[in-house]
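Respectively, the protein sequence lines represent chains D and F. Residue 111 in numbering that gives the first Met the number 0 sits at position 112 of the first sequence, with consecutive numbering throughout. Residue 305 in numbering that gives the first Met the number 0 sits at position 306 of the second sequence, with consecutive numbering throughout.
Hints may contain errors.
Stated by the list, open to error - Over the 12 Å line for every Cβ pair with chain F, so calculated as not near, a few chain D residues: (1) Ile24; (2) Ala31; (3) Ser37; (4) Arg60; (5) Glu95.
Claimed, not checked - Ranges between beta-carbon positions, derived for each pair: (6) F:His84 to D:Ile67: 17 to 27 Å; (7) D:Ala38 to F:Pro250: 52 to 62 Å; (8) D:Pro8 to F:Ala91: 47 to 57 Å; (9) F:Gly229 to D:Glu95: 50 to 60 Å; (10) D:Ala41 to F:Val318: 25 to 35 Å; (11) F:Glu379 to D:Gly89: 55 to 65 Å; (12) D:Gly114 to F:Gly229: 49 to 59 Å.
Derived from the structure by calculation, the hints contain no laboratory data. Keep in mind that this is a model prediction, so the values were computed, not measured. Built from N, CA and C at the ideal position, the CB exists for glycine as well.
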Amino acid sequence: MGSLDSYLPIFVLFVLALAFAGLSIVASKLLAPQRPTSAKEAPYECGIVPANEPPQRFPVRFYLVAMIFVIFDIEVIFLFPWAVVYDQLGRFGLVEVIVFAAAAFFSLLYLVANGALDWGPVRRVRPVSSLQSRTTASTVRRVGTGSGEAA
Amino acid sequence: MTGSTAILASMAAHLLAAGGIAMPRIDYTAILPELILLGGMLVLVLVSSLSPRPLPTEAYATATVGIGIASLVASLVLWRDVSDHGPFTAVARAVNVDGFGVLFLVLVSCILVVAPLLAAGHLRREGVGGCEYYVLALISGSGAMFMATANDLVLIFLALEILSIPLYILAGFDHLRESSGEAAMKYFVLGAFSSAIFVYGIALTYGATGSTNLAQIAAFLARNVVTSDGVLLGGLALLLVGFAFKVAAVPFHMWTPDVYQGSPTPATGFMASMAKAGGFAALLRVFVTTFPTLRGTWQPAIWVIAVLTLVLGAVVALVQSDVKRMLAYSSINHAGFVLLGLQAATARGVAGSVFYLFTYSFLVLGSFAVVSAVGGKGDERHGLERYRGLGRRQPALAVTFAVLLLAQAGAPFTTGFFAKFYVVEAAVSAHSYALAAVAMGTAAVAAFFYLRLVFLMFSDVGRTIPTHEGAATGGTPTDTLEMPSAGGVATLVAAPVAALVEVAEPDPAIVAVSPWVAAGLVLCVATTLVFGVWPQPLVDFAHQATLII
């Protein structure tokens, strides 16, 4: 069983994570006052009373942010273990990590070039002939009727 | 995520405490074709990110063809290495550079030379140009290459994912068309599912044999008799299911028609050729070299799957009214033929399967490129009726399609004939007479729906459609496609291309064919006819596909 000792930190972390999640839920149930009203149960929309159902499809740009997160996250996940055993890996490890980091950096460049960091008014990444300029009204109408999407 | 980082770091520290890391010596020349594809892919991404204006899709297509040619050269160099000095393993015995693997490196490179040409026209027409299509194709190609040369189940799984994930994205590439998204979703969900099954198969195999290395598994099974073999057989079965999903063998073919129909048409052709090449390469290697001792167990299973695949593919294709769906079922039928070679499990059978995959890749790429052109803008008009009278409107395009379809049907003087002949011959010489008979029967059935489409193209019934014969042909007689008799090499190449090119769509019945697509089609037809008349070089080449059995 000696070989399983090395998994102890993982197991402890697992238990801690479960305990934290469980405690949070239980404590919230026990301690928080429960006085629901219809206003409280309504979907939250910046404090404005929702006038209609939210459209099923709308331009979410957060997925690009999520992609940037993934790039850095993956990079860090591999950089940390590499840094820990840097001495052992030597020059070979350094070169491999540089190649890997370059590939990750290229994907970041690609994202930025495609407008992942352009906030503000929506700029079309590539011209799409079949879509007119997007406004709230057109989005809602387009989704609602299903027409207007055909070229 | 910092939690997992900490765990990884602590695991690395434990590894350090346990006595250091054994660094594999990496022979980069052994994986040079894959590295060329991946490096080229990175360059494409970099260029597209840094160029101030969007480059035309043809620029990326040209670059991809160049990368494909570079990897083809590297593969041929490796092939000469192998034929001079024998097969060798590299990268801690995870990569097996043998005749079989190198042959697939060549095949994948060829696909990557032809596919970008055939896709360029479509991408321009649909306005989805950009580097993405080509980048994804290159990644997928590197996955297929790793699958073909992998000597370790773990590497096969990684390669399978590298092959598949870009294909999922390519299926949904036409992001404004709903059916494309649907195809991507279906392919992704079922593909992920099959990958999970495949991993479980690897786990069980490892549990039963104590290794994921193919050579070590084979050695273990040769030395030991597994008395309670439930775990091993379970692992074998799950591996087979995972592979069968990828190569679309019945009963794991359900995704094929929908995905082939919904995907952008050039992506369908690419997917059909690339996924089958990579999937069958690994399937053949794993079953023929790793589990030869269990041959008595898996051969009947392959027999059943092959019969089902052959029959269902041919019969269901008969009743399709959509050309893409019809070709999807016909590709299922083709998968059955490749399975004949696996079922035989002889050197001859493997060579037959490899030959079949070689010819099939060009046929399917070319066929779907024609379908893409005829489908017109929007990639939606794929009904059989659309092809009525195509021979009058655009004879060169119709003749091209006819050649590709007849080759798929196995007509003499095309590579398709020899492909079918060699796998059936292998089945007969392995005494699988019933299977060979079924295969020939389904070939006859399949010939019906191929010929129906050919007759439809050259039938005169559709006179309601106005014909513009002068504009359609570009003035070049169509027989230059088949029999380029006189003239220099330049005319030989240029004339068929010129005959195929259709600049604009002067009326709705006439479809545009870009010079790029025309060039790609000429390549496909040329390989089909040249090696159909003179197959010996390709046959000799396929017989180099020696797996160490």
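Structure-based check of each hint:
| no. | hint | in the structure |
| --- | --- | --- |
| 1 | Ile24 | 19 Å, holds |
| 2 | Ala31 | 27 Å, holds |
| 3 | Ser37 | 37 Å, holds |
| 4 | Arg60 | 15 Å, holds |
| 5 | Glu95 | 9 Å, violated |
| 6 | F:His84 to D:Ile67: 17 to 27 Å | 47 Å, violated |
| 7 | D:Ala38 to F:Pro250: 52 to 62 Å | 55 Å, holds |
| 8 | D:Pro8 to F:Ala91: 47 to 57 Å | 28 Å, violated |
| 9 | F:Gly229 to D:Glu95: 50 to 60 Å | 41 Å, violated |
| 10 | D:Ala41 to F:Val318: 25 to 35 Å | 53 Å, violated |
| 11 | F:Glu379 to D:Gly89: 55 to 65 Å | 57 Å, holds |
| 12 | D:Gly114 to F:Gly229: 49 to 59 Å | 55 Å, holds |
When each numbered hint is compared with the structure, violations occur for hints 5, 6, 8, 9, 10.
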